[in-house]
Amino acid sequence: MKALTKKNRSPNIAPTNSQGSEGMAEEQIVSRKIVIHYTAENVDQPIICQLVKTHDLIFNILKARIFPKREGIIVLELSGNQRNFDNGIRFLKDKGLKVEPLSKSVNQNSDKCVHCGACTAFCPTDALSFEPGTRKVVFDPEKCNGCELCVSACPVRAMEVNIF
Amino acid sequence: MKKSRVSKTYQEINEKIRQGRAVVLTAEEMIDMVERHGEAEAARRVDVVTTGTFSPMCSSGAFLNFGHTSPKIRASRVWLNDVPAYGGLAAVDCYLGATEVAEGDPLNSVYPGEFNYGGGHVIEDLVAGNVVRLRLEGYGTDCYPARKQERNMTLSDMRDAILFNPRNAYQNYSCAVNVSDKTIYTYMGMLRPRMANANYATSGQLSPLLNDPYYRTIGLGTRIFLGGAQGYVAWQGTQHNPRVRRGENGVPREGAGTLATIGNLKEMSPRWLVGASMLGYGVSLYVGIGIPIPILDEEMARFTAVRDADIYVQIYDYSMDYPKGDLKSLGEISYGELRTGEIVLNGKKVSAAPLSSYYKAREIAMILKEWIEQGAFLLGEPQHLLPSV
Chain A
0 MKALTKKNRS PNIAPTNSQG SEGMAEEQIV SRKIVIHYTA ENVDQPIICQ LVKTHDLIFN
60 ILKARIFPKR EGIIVLELSG NQRNFDNGIR FLKDKGLKVE PLSKSVNQNS DKCVHCGACT
120 AFCPTDALSF EPGTRKVVFD PEKCNGCELC VSACPVRAME VNIF
Chain B
0 MKKSRVSKTY QEINEKIRQG RAVVLTAEEM IDMVERHGEA EAARRVDVVT TGTFSPMCSS
60 GAFLNFGHTS PKIRASRVWL NDVPAYGGLA AVDCYLGATE VAEGDPLNSV YPGEFNYGGG
120 HVIEDLVAGN VVRLRLEGYG TDCYPARKQE RNMTLSDMRD AILFNPRNAY QNYSCAVNVS
180 DKTIYTYMGM LRPRMANANY ATSGQLSPLL NDPYYRTIGL GTRIFLGGAQ GYVAWQGTQH
240 NPRVRRGENG VPREGAGTLA TIGNLKEMSP RWLVGASMLG YGVSLYVGIG IPIPILDEEM
300 ARFTAVRDAD IYVQIYDYSM DYPKGDLKSL GEISYGELRT GEIVLNGKKV SAAPLSSYYK
360 AREIAMILKE WIEQGAFLLG EPQHLLPSV
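Chains as they are written, first to last, in numbering that gives the first Met the number 0: chain A, 0 to 163; chain B, 0 to 388.
It should be emphasised that the hints constitute simulated quantities derived from the structure, not laboratory data. Honestly, I wouldn't trust all of these hints.
Unchecked claim - Where chain B lies over chain A, by a calculated footprint (3+ residues, C-beta under 8 Å):
hint	segment
1	65-75
2	106-115
3	118-126
4	132-139
Ideal placement from N, C-alpha and C gives every residue a C-beta, glycine not left out.
All chains, please: the whole structure from these sequences, using the hints.
Right, here's the structure in full:
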């Protein structure tokens with residue numbers, strides 16, 4: 000499954016300059032990476048399919064760890080129009096799931112990072128890169144897909160991923 | 000050799016530093032200076048060029064004297080936070096090596112091992128002022144009857160603590176790739192299969208020994224920035240080898256010179272000594288080093304203006320060739336190319352990443368520049384130069 004990126008998503012965005020004036024502002028597509036935490040009680044319920052069926056959202060599974068009768072997580076990139084997206088998130092929360100943006104779950108500990116950049120060759124989404132000029136390593140949580148390769152690459156354990 | 004028109008001595012430069020008149024540039028700033036004004040004019044104007052490097056440097060460690068308590072002990076076995084230190088020095092002296100792993104660590108039995116804590120981390124904890132657990136065992140003598148002792152200590156409780164690193168600041172290093180078809184874990188970091196990434200080290204144009212390729216100004220007694228304090232070059236480092244292939248600019252095209260460094264650990268800071276855990280390999284210590292290079296003449300001005308594009312490294316395979324001890328260069332690449340984050344090797348695009356922090360290396364060169372400008376740091380004239388060619 001290929002992750003939706005801004006580039007290949009753009010043809011689907013309805014309100015372009017030519018159409019935007021026709022009152023389609025609600026069709027604005029949003030796309031967010033989220034972490035869904037299941038508890039042992041709700042892990043066996045069919046939930047993700049409702050995001051498509053009821054809420055007309057597109058999802059792309061970036062990572063999942065789900066077992067019967069145990070806590071689990073799913074990392075999704077979720078796309079759709081703003082109203083459907085909000086409804087979908089509310090639906091998940093009503094089902095008793097904890098939902099968080101992925102960007103909240105991955106953190107570059109600035110006290111620990113020595114800005115060597117060993118992580119930069121591994122990051123598949125360019126979320127970790129050198130800031131031109133300063134040559135500091137900067138982390139863009141919006142680009143991160145939670146793969147955790149940086150955690151293995153970092154010699155000072157500055158990358159903290161709190162997904163599991 | 001062409002006769003130098005500019006000629007300065009250490010004494011003259013130190014006199015200028017004392018008077019606050021010395022002109023100090025970092026090795027990065029010197030590149031522009033020489034480009035704009037030529038090496039003769041640069042040599043006239045500039046007195047000192049500061050360099051810096053911040054990298055995991057194995058072959059580092061500390062001599063610690065933790066002092067006696069009553070009854071006294073001949074501590075033949077020593078642990079700090081469960082990391083063994085070598086106690087075969089004297090009753091309460093030990094040497095704690097940066098790459099020593101904590102006792103009981105599963106090592107690589109769960110592959111790749113995480114190596115969360117070791118000697119490098121103890122050194123970082125000590126300079127951070129953290130409490131460490133000291134555990135001692137002796138065999139009992141008439142003068143040192145105690146057999147076992149345990150106590151909590153901080154660095155300030157130690158009688159003496161000397162950072163002594165037998166091999167630091169490698170002059171150039173190799174670039175590591177993995178040609179096999181499985182991921183390998185090395186001291187050069189994680190290397191993904193089929194040359195998916197290339198890891199390199201040193202701070203290139205900012206690196207101390209790359210700015211003085213024939214060690215004209217660096218030797219025993221050279222005063223340096225070491226771990227945030229003022230330290231010294233103590234000797235040539237282990238494996239120091241000046242007889243390597245060099246470019247026309249004199250810069251080695253592979254690992255060459257090294258330095259043994261020494262300084263007072265009690266004055267150092269966790270900002271510049273940081274424990275490192277290399278997945279599947281082991282532990283090490285990031286060491287921050289900066290060396291001031293006196294611009295004695297035009298030649299030193301030219302040497303210190305070296306740039307990344309003119310420094311070449313060899314690319315080696317760490318899956319087969321390196322472990323076998325049969326190094327065959329897969330190619331040569333400049334720091335200029337490595338710094339773009341992508342190199343081309345055998346027609347394949349390979350992501351390149353450093354293990355050394357250029358950001359911190361630059362910070363060190365700037366701090367050293369400030370120290371000298373403020374008159375707080377005088378040049379140490381080497382009493383014995385490193386072996387050169």
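Taking the hints in turn, this is what the structure says about them:
1. Counting residues of the segment 65-75 of chain A whose CB lies closer than 8 Å to any CB of chain B gives 0, which falls below the minimum of 3, so the coverage claim is violated.
2. Counting residues of the segment 106-115 of chain A whose beta carbon lies closer than 8 Å to any beta carbon of chain B gives 3, which meets the minimum of three for the stated coverage.
3. For the segment 118-126 of chain A, the assignment as covered by chain B holds, since 4 residues bring a beta-carbon within under 8 Å of that chain's beta-carbons and 3 suffice.
4. For the segment 132-139 of chain A, the proposed coverage by chain B is satisfied: 4 residues have a C-beta within less than 8 Å of a C-beta in that chain, meeting the threshold of three.
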